[in-house]
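> Same order as they appear, the protein sequences are chains A and W.
Note that my numbering gives residue 2 to position 2 of the first sequence, counting from 1, and the numbers run on in steps of one.
Note that my numbering gives residue 126 to position 126 of the second sequence, counting from 1, and the numbers run on in steps of one.
It cannot be assumed that every hint is accurate.
Facing chain W, from chain A, some residues (calculated, C-beta under 7 Å) [as the list claims (entries may be wrong)]:
#1 Asn159
#2 Gln161
#3 Leu213
Computed cross-link-like contacts, PhoX-like style, restricted to lysine-lysine with a CA-CA straight-line distance of at most 25 Å [claimed, not checked]:
#4 A/Lys210 - W/Lys173
#5 A/Lys185 - W/Lys154
#6 A/Lys197 - A/Lys43
#7 W/Lys111 - A/Lys185
#8 W/Lys48 - W/Lys173
#9 A/Lys43 - A/Lys81
#10 W/Lys111 - A/Lys214
#11 A/Lys185 - W/Lys231
#12 A/Lys214 - W/Lys222
#13 W/Lys149 - A/Lys182
#14 W/Lys149 - A/Lys214
#15 A/Lys214 - W/Lys173
#16 A/Lys185 - W/Lys173
#17 A/Lys210 - W/Lys152
#18 A/Lys210 - W/Lys111
#19 W/Lys152 - A/Lys176
Just so you know, the hints here were simulated from the structure itself, not pulled from any lab data.
All C-beta atoms in this analysis are idealised placements derived from N, C-alpha and C, irrespective of residue type, glycine included.
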Amino acid sequence: MKRFALIIFFIPAFIRAQEPTGKEILERIDKNMAYKSAITTSKMVIHGSRQTRTIEAKTWGIGDEKAFTEYLAPAREKGTKMLKLEDQLWIYSPGSDRTIQISGHMLRQSLMGSDLSYEDMMDNNEMIEDYHATVIGSEVFEERDCWIVELQAKTAEVNYQIRKIWVDKIRYIPLKEELFAKSGKLLKRMELSNITKIDNRWFPKKMIFKDMLKRGDGTEFIIESIQFNVNIPEYIFSKASLKK
Amino acid sequence: MMLSIKLAYRNLVGAGLRTWLNVFVLSFVYVLIIWHYGVIDGWNYQAKKDMREWEVGNGQYWQQNYDPYDYFTLEESHAIIPESFNIGITGGNIAPVLINQGSVYPDGRIKSMILKGIDPDQKVIALPTAALKAESEEMPVIMGRRMAKSCKLKEGDVTTIRWRDVNGTFDAKEVEVVDIFDCDVPNVDAGQIWLSIEDLREMMQAPGEATLLILGEESEIKEDIPGWEYKDLDFLMSEMDEMIKIKRIGGGFLYLVLIILAMLAIFDTQVLSIFRRQKEIGTYIAMGMTRNQVVSLFTVEGAMHAILAVIVGAVYGIPFFLWQMKVGFSMPAGTDDMGLAIAETIFPVYGIGLILVTVLLVLIITTIVSYMPARKISKMNPTEAIKGKIQ
Numbered sequence: 001m002k003r004f005a006l007i008i009f010f011i012p013a014f015i016r017a018q019e020p021t022g023k024e025i026l027e028r029i030d031k032n033m034a035y036k037s038a039i040t041t042s043k044m045v046i047h048g049s050r051q052t053r054t055i056e057a058k059t060w061g062i063g064d065e066k067a068f069t070e071y072l073a074p075a076r077e078k079g080t081k082m083l084k085l086e087d088q089l090w091i092y093s094p095g096s097d098r099t100i101q102i103s104g105h106m107l108r109q110s111l112m113g114s115d116l117s118y119e120d121m122m123d124n125n126e127m128i129e130d131y132h133a134t135v136i137g138s139e140v141f142e143e144r145d146c147w148i149v150e151l152q153a154k155t156a157e158v159n160y161q162i163r164k165i166w167v168d169k170i171r172y173i174p175l176k177e178e179l180f181a182k183s184g185k186l187l188k189r190m191e192l193s194n195i196t197k198i199d200n201r202w203f204p205k206k207m208i209f210k211d212m213l214k215r216g217d218g219t220e221f222i223i224e225s226i227q228f229n230v231n232i233p234e235y236i237f238s239k240a241s242l243k244k
Numbered sequence: 001m002m003l004s005i006k007l008a009y010r011n012l013v014g015a016g017l018r019t020w021l022n023v024f025v026l027s028f029v030y031v032l033i034i035w036h037y038g039v040i041d042g043w044n045y046q047a048k049k050d051m052r053e054w055e056v057g058n059g060q061y062w063q064q065n066y067d068p069y070d071y072f073t074l075e076e077s078h079a080i081i082p083e084s085f086n087i088g089i090t091g092g093n094i095a096p097v098l099i100n101q102g103s104v105y106p107d108g109r110i111k112s113m114i115l116k117g118i119d120p121d122q123k124v125i126a127l128p129t130a131a132l133k134a135e136s137e138e139m140p141v142i143m144g145r146r147m148a149k150s151c152k153l154k155e156g157d158v159t160t161i162r163w164r165d166v167n168g169t170f171d172a173k174e175v176e177v178v179d180i181f182d183c184d185v186p187n188v189d190a191g192q193i194w195l196s197i198e199d200l201r202e203m204m205q206a207p208g209e210a211t212l213l214i215l216g217e218e219s220e221i222k223e224d225i226p227g228w229e230y231k232d233l234d235f236l237m238s239e240m241d242e243m244i245k246i247k248r249i250g251g252g253f254l255y256l257v258l259i260i261l262a263m264l265a266i267f268d269t270q271v272l273s274i275f276r277r278q279k280e281i282g283t284y285i286a287m288g289m290t291r292n293q294v295v296s297l298f299t300v301e302g303a304m305h306a307i308l309a310v311i312v313g314a315v316y317g318i319p320f321f322l323w324q325m326k327v328g329f330s331m332p333a334g335t336d337d338m339g340l341a342i343a344e345t346i347f348p349v350y351g352i353g354l355i356l357v358t359v360l361l362v363l364i365i366t367t368i369v370s371y372m373p374a375r376k377i378s379k380m381n382p383t384e385a386i387k388g389k390i391q
């Protein structure tokens, strides 16, 4: 009886020991989501208040630092190219045959009318570097058992001071993320779905971004194909390739 | 000379409709030039008065990185206000303004805007900042008519604003529009939301900081202070001055065309007079007038068109000018969206200098144009002229 009581006493501690810490969860997420390089073909479906637009693009990326995107459709956007090098962003417009650097207040503008701003694209840092992560509970989301992890910024220089992510307990992939203002107001929500196993990792092939202050049904980001860890020539990430 | 004037007047009046037609055209040129320059001067006067009252005060100090034409500088263009300004600020002679970029979400639409913080108790500029002291559950803000129109907001509406503090962190808040002011200076209206400077300092995490300082009438500091550059009224209004200059030059071309047309009529009349009145010219010379006297007679006759035009122009022009001064000239809709200080109605200002210069200018040109065909008289043979032979 005494032994039984001891077991009962230790069970919660044992269960707690099985519960990963916030940091461990973030590390497991990074294993799925982070990559050295990738070539992606994607569709962005922008649900505006009046109409829905679909933009197709091909992106070459190295980590979070370098990305080169060429828009393929519709005809109006075809040929538009975007180059991101760390915290700098350039856009080439074939109509005007000009390359402009997006900075200052222009970064706050919407990307092609979507719920993403240019500065959302510029968010380079890994969450584990910027945030203290705490598991605050668990919840079933989209029929998947999830950890709810709250992220509190380590420093005052982080764009979003508070984030909340719902992480699939089995696959360690975020299924929902909410970004909050310093005041606690919900600013953006992301929902990730169509989780697919690619090259031994789980990866979401569909993401829905919603600017919670804006009207509309958000922007869908659908990955049609993705190749991880491919060799991408360095010349692609140059301003000269914008005009090619 | 008196004889020339008397004769010229009689001949002119005797010519009847032809004279009055020329006189009317010339008078129209007078009235149009004076009126248009009056409108430009009125605009200039009103715009500068409005700019001083609503925007620039009696000069400004800018934080050294501030460039109103480059929003990229805004993140770096705020600093702690130097102590030397403290007396002016507490005495109500200086109004600090803190500026930041942000977004407003009226009815779920995103719109970039500039947040400007100012002391609600300031009296340096005419902005109705006292409204910022209104009791409100949300943060009170004021905005101009143009901004309210573009955001489709009205008094009492609550909307969300989003901004980044000095560290770049996003923040958002609900604000209530407690007042919508109507002013003719787009620089304090278009794309801007005004709120209490203390609220904005807290939002930006920039205590005691400002981007620019607006000086009141009694402010005496007029030199650069480390980190802050003094901008005088000439500098602050240079854009307006340039625009007025361009408008004046643009108007000048129109008047040149009008004057050329009027002068063509005068020239034509003079040529016709000399051709048709050869017998008269011959008689004048035969009766003892020198050729120069006859030339001056015809020149005075031509020039007298301009003098009569002054009288005729005054008859209908003065009531028209007075009426315009009273009711003003309504600018076309949308003119104030051009970014310049333009009142909906401009009240012309007619300076005595403007009137004198216009009258003198037209008189001199008319005299020259009248003299040119009259020179032919000096080469005429009086005997042939009396006979009426064409020379």
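> Compare the structure with the hints numbered earlier in the document and write down the numbers of the violated ones, lowest to highest.
8, 11, 12, 13 and 19
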